[in-house]
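J.: Those sequence lines, one after another, are chains L and A. Following my numbering, the numbering of the first sequence begins with 21 at its first residue and continues without gaps. Following my numbering, the numbering of the second sequence begins with 21 at its first residue and continues without gaps.
Hints are computed from structural coordinates only; laboratory data are not their basis. Heads up, some of the hints might be wrong.
Pairs count within a copy or across copies, as identical chains cannot be separated in the list.
Below are the SDA-like pairs computed for lysine to any residue, each with C-alpha atoms no more than 20 Å apart in a straight line [claimed, not checked]:
(1) Lys383 <-> Arg63
(2) Lys383 <-> Glu41
(3) Lys538 <-> Ile444
(4) Lys383 <-> Glu412
(5) Lys274 <-> Ser287
(6) Lys453 <-> Ser398
(7) Lys383 <-> Thr28
(8) Lys538 <-> His548
(9) Lys538 <-> Gly431
(10) Lys368 <-> Ser328
(11) Lys311 <-> Asp277
(12) Lys449 <-> Val482
(13) Lys449 <-> Leu544
(14) Lys383 <-> Arg42
(15) Lys383 <-> Thr190
Listed below are the residues making up each chain.
There are 2 protein chains.
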Amino acid sequence: MLTGQMMTTPLTVTAVMRHAERVFPTTEIVSITAAGRHRYCLREAFARVRRLANVLQEFGLQPGARIATLAWNDHRHFEAYFAISCSGYVCHTVNPRLFPAQIEYILNHAEDEVLLVDAAFVPLVESLAAQLKSVRHFIVLAEEGAAFPPTRLPWLRYETLLAGAPSSFTFPQLHEEAACALAYTSGTTGDPKGVLYSHRSTVLHSFAICMPAAFGLSSHEVVLTAVPMFHVNAWSLPYAATLTGCKQVLPGSKMGDAAMLADLIHSEGVTLAAGVPTVWSSLLTHLRNTKMSVGRLDRIIVGGAACSSALAEGFEREFNVTVRHAWGMTEMSPLGTVNSAPRHADLKQKLKQGQPIFGVELKIVDSAGRELPWNGVSSGFLKVRGPWVCREYFRQPKSLAHDTSGWFETGDIATIDPQGCMQIVDRSKDIIKSGGEWISSIDLENAACAYPDVREAAVIGVPHAKWDERPVLYVVAHHGVMIAPHSLRECLSQRVASWWLPDAIIQVDSLPHTATGKLDKKALRAFHRASLQSETAVPQDK
Amino acid sequence: MLTGQMMTTPLTVTAVMRHAERVFPTTEIVSITAAGRHRYCLREAFARVRRLANVLQEFGLQPGARIATLAWNDHRHFEAYFAISCSGYVCHTVNPRLFPAQIEYILNHAEDEVLLVDAAFVPLVESLAAQLKSVRHFIVLAEEGAAFPPTRLPWLRYETLLAGAPSSFTFPQLHEEAACALAYTSGTTGDPKGVLYSHRSTVLHSFAICMPAAFGLSSHEVVLTAVPMFHVNAWSLPYAATLTGCKQVLPGSKMGDAAMLADLIHSEGVTLAAGVPTVWSSLLTHLRNTKMSVGRLDRIIVGGAACSSALAEGFEREFNVTVRHAWGMTEMSPLGTVNSAPRHADLKQKLKQGQPIFGVELKIVDSAGRELPWNGVSSGFLKVRGPWVCREYFRQPKSLAHDTSGWFETGDIATIDPQGCMQIVDRSKDIIKSGGEWISSIDLENAACAYPDVREAAVIGVPHAKWDERPVLYVVAHHGVMIAPHSLRECLSQRVASWWLPDAIIQVDSLPHTATGKLDKKALRAFHRASLQSETAVPQDK
Numbered sequence: 021m022l023t024g025q026m027m028t029t030p031l032t033v034t035a036v037m038r039h040a041e042r043v044f045p046t047t048e049i050v051s052i053t054a055a056g057r058h059r060y061c062l063r064e065a066f067a068r069v070r071r072l073a074n075v076l077q078e079f080g081l082q083p084g085a086r087i088a089t090l091a092w093n094d095h096r097h098f099e100a101y102f103a104i105s106c107s108g109y110v111c112h113t114v115n116p117r118l119f120p121a122q123i124e125y126i127l128n129h130a131e132d133e134v135l136l137v138d139a140a141f142v143p144l145v146e147s148l149a150a151q152l153k154s155v156r157h158f159i160v161l162a163e164e165g166a167a168f169p170p171t172r173l174p175w176l177r178y179e180t181l182l183a184g185a186p187s188s189f190t191f192p193q194l195h196e197e198a199a200c201a202l203a204y205t206s207g208t209t210g211d212p213k214g215v216l217y218s219h220r221s222t223v224l225h226s227f228a229i230c231m232p233a234a235f236g237l238s239s240h241e242v243v244l245t246a247v248p249m250f251h252v253n254a255w256s257l258p259y260a261a262t263l264t265g266c267k268q269v270l271p272g273s274k275m276g277d278a279a280m281l282a283d284l285i286h287s288e289g290v291t292l293a294a295g296v297p298t299v300w301s302s303l304l305t306h307l308r309n310t311k312m313s314v315g316r317l318d319r320i321i322v323g324g325a326a327c328s329s330a331l332a333e334g335f336e337r338e339f340n341v342t343v344r345h346a347w348g349m350t351e352m353s354p355l356g357t358v359n360s361a362p363r364h365a366d367l368k369q370k371l372k373q374g375q376p377i378f379g380v381e382l383k384i385v386d387s388a389g390r391e392l393p394w395n396g397v398s399s400g401f402l403k404v405r406g407p408w409v410c411r412e413y414f415r416q417p418k419s420l421a422h423d424t425s426g427w428f429e430t431g432d433i434a435t436i437d438p439q440g441c442m443q444i445v446d447r448s449k450d451i452i453k454s455g456g457e458w459i460s461s462i463d464l465e466n467a468a469c470a471y472p473d474v475r476e477a478a479v480i481g482v483p484h485a486k487w488d489e490r491p492v493l494y495v496v497a498h499h500g501v502m503i504a505p506h507s508l509r510e511c512l513s514q515r516v517a518s519w520w521l522p523d524a525i526i527q528v529d530s531l532p533h534t535a536t537g538k539l540d541k542k543a544l545r546a547f548h549r550a551s552l553q554s555e556t557a558v559p560q561d562k
Numbered sequence: 021m022l023t024g025q026m027m028t029t030p031l032t033v034t035a036v037m038r039h040a041e042r043v044f045p046t047t048e049i050v051s052i053t054a055a056g057r058h059r060y061c062l063r064e065a066f067a068r069v070r071r072l073a074n075v076l077q078e079f080g081l082q083p084g085a086r087i088a089t090l091a092w093n094d095h096r097h098f099e100a101y102f103a104i105s106c107s108g109y110v111c112h113t114v115n116p117r118l119f120p121a122q123i124e125y126i127l128n129h130a131e132d133e134v135l136l137v138d139a140a141f142v143p144l145v146e147s148l149a150a151q152l153k154s155v156r157h158f159i160v161l162a163e164e165g166a167a168f169p170p171t172r173l174p175w176l177r178y179e180t181l182l183a184g185a186p187s188s189f190t191f192p193q194l195h196e197e198a199a200c201a202l203a204y205t206s207g208t209t210g211d212p213k214g215v216l217y218s219h220r221s222t223v224l225h226s227f228a229i230c231m232p233a234a235f236g237l238s239s240h241e242v243v244l245t246a247v248p249m250f251h252v253n254a255w256s257l258p259y260a261a262t263l264t265g266c267k268q269v270l271p272g273s274k275m276g277d278a279a280m281l282a283d284l285i286h287s288e289g290v291t292l293a294a295g296v297p298t299v300w301s302s303l304l305t306h307l308r309n310t311k312m313s314v315g316r317l318d319r320i321i322v323g324g325a326a327c328s329s330a331l332a333e334g335f336e337r338e339f340n341v342t343v344r345h346a347w348g349m350t351e352m353s354p355l356g357t358v359n360s361a362p363r364h365a366d367l368k369q370k371l372k373q374g375q376p377i378f379g380v381e382l383k384i385v386d387s388a389g390r391e392l393p394w395n396g397v398s399s400g401f402l403k404v405r406g407p408w409v410c411r412e413y414f415r416q417p418k419s420l421a422h423d424t425s426g427w428f429e430t431g432d433i434a435t436i437d438p439q440g441c442m443q444i445v446d447r448s449k450d451i452i453k454s455g456g457e458w459i460s461s462i463d464l465e466n467a468a469c470a471y472p473d474v475r476e477a478a479v480i481g482v483p484h485a486k487w488d489e490r491p492v493l494y495v496v497a498h499h500g501v502m503i504a505p506h507s508l509r510e511c512l513s514q515r516v517a518s519w520w521l522p523d524a525i526i527q528v529d530s531l532p533h534t535a536t537g538k539l540d541k542k543a544l545r546a547f548h549r550a551s552l553q554s555e556t557a558v559p560q561d562k
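All chains should be built: construct the whole structure from the sequences, respecting the hints.
T.: Below you can see the structure in the form of structure tokens.
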């Protein structure tokens, strides 16, 4: 091989920090904290990052040691991201919304040695402390003089540690393949699984999300990071926004607080914002109720779940804010596709999950593994490949979710159109196989939600002697209204094929959700089976 | 080391091609050719790329073999870029404007085995043929039935070869460090030197130039590539525009033809365009003379030489087109900095060479190698480092232009301001050291050009017993006007410090230029020395 003669400078998070500190020293990071709105610039941020690096060095950890965070989106969490990764340790962000038993499992499985914890989560950690096998240092993230309840654990105080540490530090030279961050999937099936990101994958993914057709980040933008920093590194925004000198607005624990988001959008001049549909739905309602404008807001990135037509139309038509639907997974750093259709583009096209960003390869295959055409109609199992896609899970057998050619199996069923625009049809474990054909539970749920009284809908497949499986629809109504099944069925029949119509429509007061807020169909199936066995309250609608 | 567990998918030009073909199959490439305007889409382009790959495979070359092109910006050159690199060979773009002896040197030094040559350059190659030691196959790039003058060499015809080759081809799996392209510097000092780009450096550089604050490429844009594909890979636009699905407009040999560029901008809906200042100056004049609008043109990227205030003001104020000044070198793939100041920003700031793009590190040092502050005032030797910066020249001793720490020495003197915005003061070999201080030959030339009768100016340092060096100014006037030295000196004294005023002002009919159109100060110094020795026509102005 004739090797190119260019420098082999490694792609590291340290390079991101160094670049930003030299080129964007006065760029601001604004955070909502327990003590109010905090504001500083990147120069100050990285001075504190170096103080934290000195603190961590004192612990005498080995390179690659895991340091966990249980924290909201604020400047201290930002500092932890950089100090940990650039010191050669692994920044393990833990989702505090998980069940305590999952958090315990994750911390022990990762063998975290240091815990950085928002004051709000101190009681949670205290309750787990007896089960934690590897943690040697507990650090609470709070103001210097913040009141502190009596505790059993020997908590170190973050601000006290930083105040006592020098602001100069020489970061180690790192290999770009070195691990830099760790995130666990929420684990609806089995135990949570860890994805171990490398410096290389993180930098490449950051490059990709900065691109104009992805998030479009530059120093002329102000980004509101309304997706948690404990969830897939807030979609890499802390890295990518830093790399491009984009002002960052971190809403602390308030990302579900629409009034706070609206205030931040106005007062900080936010131009783009990233978050899940529920965040944007509540913001949309708030904007309508208060008749507020959206200030400089130009676009929102909607990911984590499907974007509804109501959400897209609301922002685009009423507020002239472009909606960009994005799709990804923890295993993909997370970004796989972005829909960069322009504002007011055809809604059907706009609600697709989007085109793969360069670096991510997609394919769809049938159940025999044969590749399917990109015609927008053929649906199959979606597989992905690329430099920021998980190769194997942390401390798991290699083949857990990969085919024999090394493609990652997303667990989704999707179509891809001739322009490479992908649309998720369903999760492969949720799709209903009826008479050799597929019924999309998601499409059926969306159709049900078009019925005015339906607040939430969930469709599961139940075994059927003749058709293998048939759909059953569970619905939750607005404000205790009783839904007439025949009326809902009539509505559905105008939107889906007749053989898709559910065999039963069951109204319940609420539906089960996972710790991250997704419909828990595994639990719903168990409930449905239990209901059948007890032969009780299963209304029959046929 | 704990290694991250993400896929190690290599960064290759092949991945760029594969992505574009799947996601942007209908994106157009429009070319100006000898036979008129040619238009096709990426799907057709890559089908022809595979045909060409089959043709090349028949030659039985080794991986890493060099294949040279002598060609303008059109679809065939585009096909050569991808077919050569993705086949595992090295695409060696040769600048046909170089002196024939330099072209001969370069082709022999690179040991090119195949030559792809625009019909226009066939006579040039014929004239060199006897001296070419390694070339085994000569291919002429022209229409199928194009007339062809009688020649001595056994020319193969590109279109005939493609017509006879299959359109399917399995490209090899390449290592990302494999060489993919080769470009020689124009070599004002000594022989031209080759820069051997890797697949990795090319992909990373492409990522960087796509960023919003660099060129801002996406499928919503239409780019006019008015910088030659034989010069630093047209600033990587053929890769980056392909990667993002940006429609490409390739002006063939007409990039100096302002009427053609204006026509292309209108008829193809160009939104951004990249080129050197002389291209934009002539376009500006044309637009003014014809009172044409600029259509959808949003911004121009100006690089290769300093952008004048007249150029920036003309486009921004008269035509509302944003000017982005960029700086780079063949050794940097080429991009190092971009000035992304918004339209109508302060002109002084806008004319700086810009902020480093992420990946490129800059530093300025004094003559003792001590790093200088980024205060916008201290000027020093500019050094660069990064994953798309040359580590060593092709087949040259390692240390040719690198310091002992591996930084590349650009040969420029620059300042950097607190926001990381770099400004070139002068070439280090052109700056005039007078009494322990520096005089910028560029600043003095710019001051001279502000005098209405001056068409071009060149300043060189000449030895001086007391001050070490003193500046001498050479000027060329408009339309044979005789310039009064005292009047020009009066004008200069309003713009530069009195000790900067040249010791002599010499009017000449023309100034020497390099093959790439830059002022050849080496030749001017030789001319000046010869003039002094012959004690003839050196006017004294003191």
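J.: Are the hints correct? Go through all of them and say.
T.: Do the hints match the structure? See the list:
| no. | hint | in the structure |
| --- | --- | --- |
| 1 | Lys383 <-> Arg63 | between (43 Å within a copy, 18 Å between copies) |
| 2 | Lys383 <-> Glu41 | between (40 Å within a copy, 14 Å between copies) |
| 3 | Lys538 <-> Ile444 | within (16 Å within a copy, 55 Å between copies) |
| 4 | Lys383 <-> Glu412 | within (19 Å within a copy, 40 Å between copies) |
| 5 | Lys274 <-> Ser287 | within (15 Å within a copy, 50 Å between copies) |
| 6 | Lys453 <-> Ser398 | within (15 Å within a copy, 72 Å between copies) |
| 7 | Lys383 <-> Thr28 | between (32 Å within a copy, 18 Å between copies) |
| 8 | Lys538 <-> His548 | within (18 Å within a copy, 79 Å between copies) |
| 9 | Lys538 <-> Gly431 | within (15 Å within a copy, 58 Å between copies) |
| 10 | Lys368 <-> Ser328 | within (10 Å within a copy, 48 Å between copies) |
| 11 | Lys311 <-> Asp277 | within (17 Å within a copy, 54 Å between copies) |
| 12 | Lys449 <-> Val482 | within (12 Å within a copy, 80 Å between copies) |
| 13 | Lys449 <-> Leu544 | within (13 Å within a copy, 76 Å between copies) |
| 14 | Lys383 <-> Arg42 | between (41 Å within a copy, 10 Å between copies) |
| 15 | Lys383 <-> Thr190 | between (44 Å within a copy, 18 Å between copies) |
Comparing the model with each earlier hint shows no violations; every hint is respected.
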